[in-house]
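Chains as they are written, first to last, in the working numbering: chain E, 1 to 402; chain B, 1 to 472.
The set of hints was computed from the structure by calculation and includes no laboratory data. Errors might be hidden in some of the hints.
What the hints assert, rightly or not - If the Cβ cut is set under 10 Å, some of the chain E residues that face chain B in the computed set are:
#	residue
1	Pro-5
2	Glu-28
3	Pro-98
4	Arg-124
5	Ile-215
6	Leu-253
Cβ coordinates follow ideal geometry from the N, Cα and C atoms, glycine included.
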Amino acid sequence: MKRIPVAVVGAGPAGLAASTELARLGHEVHCYERESVAGGMPRHCGHQGFGLLDLHRPLDGPAYAAELVRRARQAGVTLHTDHTLLSLDGKRMRFCSPEQGAFEIEADRILLALGARETPRPARLIDGIRSPAILTTGALQRFVTLQGRRPFRRAVVIGSDIVGFSAIMTCRHAGIEAAALLEEAPFLRVPSLLARGEEMLLGTHVYAGCDALSIEGERGRIEGVCFHWQGEERFIECDGVVFSGEFTPESALLRQSRLSWDPRNDSLPVTQGFGTPHPGIYTAGNLLRGALAAYKCHAEGIAAARSLHTGINRPPAEAIPIATPTLENLDWISPSLVDPTLPHPYLTRLRFRRPTRGTLLTLLNGREVMRSRINARPWQTVTLPWFGQEVKEGDRLELRFF
Amino acid sequence: MIETIDLNDLFSVRPLPFNPEEEDFDVIIVGAGVVGCALFKEFAEQGAKTLLIEKANDILEGASKGNSALLHTGFDAPPESLELACIKRGYEEFLRIKDRFRLPFLNTQALVVAWDDEQLAKLDAILAKGRGNGIKDLDLLEPDQIRRREPRLSPRAKGAVLVHGESVIDAWSAPLAYLRVGLAAGGSAVFSSPVTGGEYDGQLWNLQTPRGTFRGRLVINAAGLYGDIVDRIAGFEDWRIIPRKGQFLIYDKSAYDLIRSIILPVPTKITKGVVLTRTAYGNLLLGPTAEDQESRTDRRTLRQTLRMLQEKGEAILPGLNEHKVVATFAGLRPASDRPEYRVHRNERGDWITAGGIRSTGLTSALGLAKHLFELSGLPSRPVDYQDPVVPNISVFAPRDYERPGYGRMVCHCEQVTKREILRALEGESPAGTYGGLRRRTRAVMGRCQGFNCLADVAELCKRVKAKKEGAL
Ligand SMILES: Cc1cc2nc3c(=O)[nH]c(=O)nc-3n(C[C@H](O)[C@H](O)[C@H](O)COP(=O)(O)OP(=O)(O)OC[C@H]3O[C@@H](n4cnc5c(N)ncnc54)[C@H](O)[C@@H]3O)c2cc1C
Ligand SMILES: Cc1cc2nc3c(=O)[nH]c(=O)nc-3n(C[C@H](O)[C@H](O)[C@H](O)COP(=O)(O)OP(=O)(O)OC[C@H]3O[C@@H](n4cnc5c(N)ncnc54)[C@H](O)[C@@H]3O)c2cc1C
Chain E
1 MKRIPVAVVG AGPAGLAAST ELARLGHEVH CYERESVAGG MPRHCGHQGF GLLDLHRPLD
61 GPAYAAELVR RARQAGVTLH TDHTLLSLDG KRMRFCSPEQ GAFEIEADRI LLALGARETP
121 RPARLIDGIR SPAILTTGAL QRFVTLQGRR PFRRAVVIGS DIVGFSAIMT CRHAGIEAAA
181 LLEEAPFLRV PSLLARGEEM LLGTHVYAGC DALSIEGERG RIEGVCFHWQ GEERFIECDG
241 VVFSGEFTPE SALLRQSRLS WDPRNDSLPV TQGFGTPHPG IYTAGNLLRG ALAAYKCHAE
301 GIAAARSLHT GINRPPAEAI PIATPTLENL DWISPSLVDP TLPHPYLTRL RFRRPTRGTL
361 LTLLNGREVM RSRINARPWQ TVTLPWFGQE VKEGDRLELR FF
Chain B
1 MIETIDLNDL FSVRPLPFNP EEEDFDVIIV GAGVVGCALF KEFAEQGAKT LLIEKANDIL
61 EGASKGNSAL LHTGFDAPPE SLELACIKRG YEEFLRIKDR FRLPFLNTQA LVVAWDDEQL
121 AKLDAILAKG RGNGIKDLDL LEPDQIRRRE PRLSPRAKGA VLVHGESVID AWSAPLAYLR
181 VGLAAGGSAV FSSPVTGGEY DGQLWNLQTP RGTFRGRLVI NAAGLYGDIV DRIAGFEDWR
241 IIPRKGQFLI YDKSAYDLIR SIILPVPTKI TKGVVLTRTA YGNLLLGPTA EDQESRTDRR
301 TLRQTLRMLQ EKGEAILPGL NEHKVVATFA GLRPASDRPE YRVHRNERGD WITAGGIRST
361 GLTSALGLAK HLFELSGLPS RPVDYQDPVV PNISVFAPRD YERPGYGRMV CHCEQVTKRE
421 ILRALEGESP AGTYGGLRRR TRAVMGRCQG FNCLADVAEL CKRVKAKKEG AL
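Between the sequences and the hints, there should be enough to build the whole structure, so can you do that?
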């Protein structure tokens, strides 16, 4: 079996940033990516919205991805594309590649940056027919940006996450009419600047609080989407449907490999130093919790790389979980573990699925150590400051509403 | 430059393999569901000149496209019925051929679990019926025995009948293997050819399709959900299909290990209840419902029904809610206005109907095929042929990506390689529909449902289609 010092798995913004940083810190870095081209999700985001906050220039997704790849190569990272991580057993990784078939590699330190995916139609249990023209934003973008194909003429987008708007832009770019954007929740998941109620956005009608959504058609051909809105039945003609947002970490293989699991984040538990309960295994980017902007994943990649670098000979710590048994609608929390051996302070970030307001208490060993007023919309990340006390092994930490 | 791609038109219609004017057949089988494919295999292997006619552009586009994929022993089948006889014979036959054709098979065993005293009281009768049906490997289990076998099952289980023989198979590869055996043994198959009418000319049936008239001495109607309609050609008008929908949920592979056995309910008169089982593809399946309907095509899934299924599943298996649903689907059973199989023959003996094979056809198909071959009175002249290969897509045997030279990984969730996709599109009895490609490879059937691979898969289909049409 091949043995290597540092393996990064996933060559999206997080994995590439981490690889580049690790190489700059003097490590021999091997970065593995299952696609034939490195770059991650931005590769198919054929619109602006990247680069400004990390590379300090406005770029579209593909240019941003290409620049990250260029930097990694320049820093001396060995990129292995067409390499799929299949499973993990301690620090033994099972991969496959077209040249070798299945094989194993052992690494001293592993950084996982597998990214996230959108929740497709079946998992949302949406009523109606089945059709190959029911896509996710990512799938639509791959048609348009990577293959130069227009899979339909008139689309209904379901889900008002920020990527719902990316879906609309992709439609416009491809000459697809985006007839409507529908949201099942009674609120939109983006700042009001972008969408106000049912008003039109770039020519697209926006409806929140849609009920009884159903995809209508015959023999795989979509004829439209039917739904109830403000007590009325509506029907919007279309020949394609795009489900956007509701990102979920690409973590299934880790769970199947029986790594420890945080059901809140649908992923590995993670410390403030991007470590996990598994010695030598680190993680960064959307794999931690679902989607944030690329520059944030990029920053996490760098931070995780530094942590891996300094932590290289550190024994595994008994990390303390941040418990949230009473927090309803928690979408994710990061970190989900506090490693007492790592330097403080640290910040705790969380997000809720629904608009949430109240006073959040931080309890250390059952005692209140901090109160935070929050008023969070579903697109907002709540950041809790450090409560000023060092956490020791054996402590208990909990967040709960007052 | 952005070009339009029609996702409903990624496959070319298969050319006819022969000129209909020039061929007479010993037997024509109408319908390429699992029953038609098994008949095709049997008759061709026995040396009959056999034609399979299918309406769709691929096999398994009817009832056989979505089922629970269980190989039943027949422990709960109607006693002394043809159904029971065919299930038992089909089961045996499957065991006999599975290694030869490398058909995935996992003997999970099944537990018929009683969740209350009323159900508990019925277990003895289930056991007795099973033994009466000739199924010897049955045991009654106490709650602690159930717990030892299935520690994650709800502790409310009061008792269970353990059925040793019940097993999980790959419901798509098996019929594909039957089709390929039939072809290898000299049979012919035509697709995109709905039989719209037919006449008997005193010697031969002339079956009409938009692609020509096909002639044969014997017709076997295996048209599944359309069995009653096709039967009218022979003058059988006294029965009718009542499609019975079954909705399902498929859980992600993380849920595969939650149970080992198939978990069956105690049947009641009112509800059939839901089944929990592993699948050959490494997932956990929950379902089906049983909903009678008029439509022979409506496979809509409904959130309300699926939620109800989830609740039932979570009551049986409390940990289930921590796992993700990756797919939902509905299957249609070709049930009829009577509970038994509709197997009959006309007086002249030139038309046989294999109809109303509603909920056990995957298991019984091979047995029914043997039975109908005997009924046909055709002489048995077994032919030699080279065993066809059916690529493995199950988790019970090594997969394609484990061997070098696979091109690239196209579908990451189900680990489907470009080599597998091209083989399914261009190789022996290739996929003729998008569903057919998915059933041959598992592409686009995983947790991301095409987020990563659909555009790539569609492009490969389109390219192969252009190539084939250019070659014509
Ligand atoms: C439609 C859409 C529009 C967006 N628009 C914007 C925008 O305008 N601005 C912005 O800042 N952000 C945007 N984003 C978000 C941004 O793209 C992501 O946040 C960012 O790409 C996440 O980086 P990552 O490295 O964590 O994950 P990813 O980019 O997802 O990269 C993960 C990589 O890991 C690989 N991988 C996964 N599993 C394996 C395995 N088993 N073996 C090997 N490799 C594996 C994947 O192939 C992938 O390349 C958008 C996202 C989408 C989907
Ligand atoms: C929800 C559900 C769960 C099930 N679970 C199991 C199980 O666990 N185990 C088991 O053994 N069985 C199971 N079954 C039963 C099994 O799936 C069916 O018994 C079987 O698929 C019936 O096959 P068939 O070939 O008779 O019909 P079909 O699959 O419907 O085949 C008929 C074919 O005829 C074609 N056709 C129709 N009209 C024409 C025409 N005019 N001309 C040419 N072709 C025509 C159709 O296109 C179709 O391909 C289940 C079924 C369902 C729906």
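Okay, the hints, checked on the actual structure:
Annotation: E:Pro-5 was flagged as interfacial toward chain B, and the flag is violated, the nearest CB pair being 26 Å apart, outside 10 Å. For E:Glu-28, the interface hint is violated, the least distance from its beta-carbon to any beta-carbon of chain B being 25 Å, above 10 Å. With a least beta-carbon distance of about 5 Å to chain B, the hint placing E:Pro-98 at the interface is held under the 10 Å criterion. Against a cut-off of 10 Å between C-beta atoms, the interface hint on E:Arg-124 holds, since the closest Cβ of chain B lies about 8 Å away.
Residue-level restraint check for E:Ile-215 holds (minimum Cβ-Cβ distance to chain B is 9 Å; threshold 10 Å). Against a cut-off of 10 Å between C-beta atoms, the interface hint on E:Leu-253 holds, since the closest Cβ of chain B lies about 9 Å away.
Checked against the numbered hints above, the structure violates hints 1 and 2; every other hint is satisfied.
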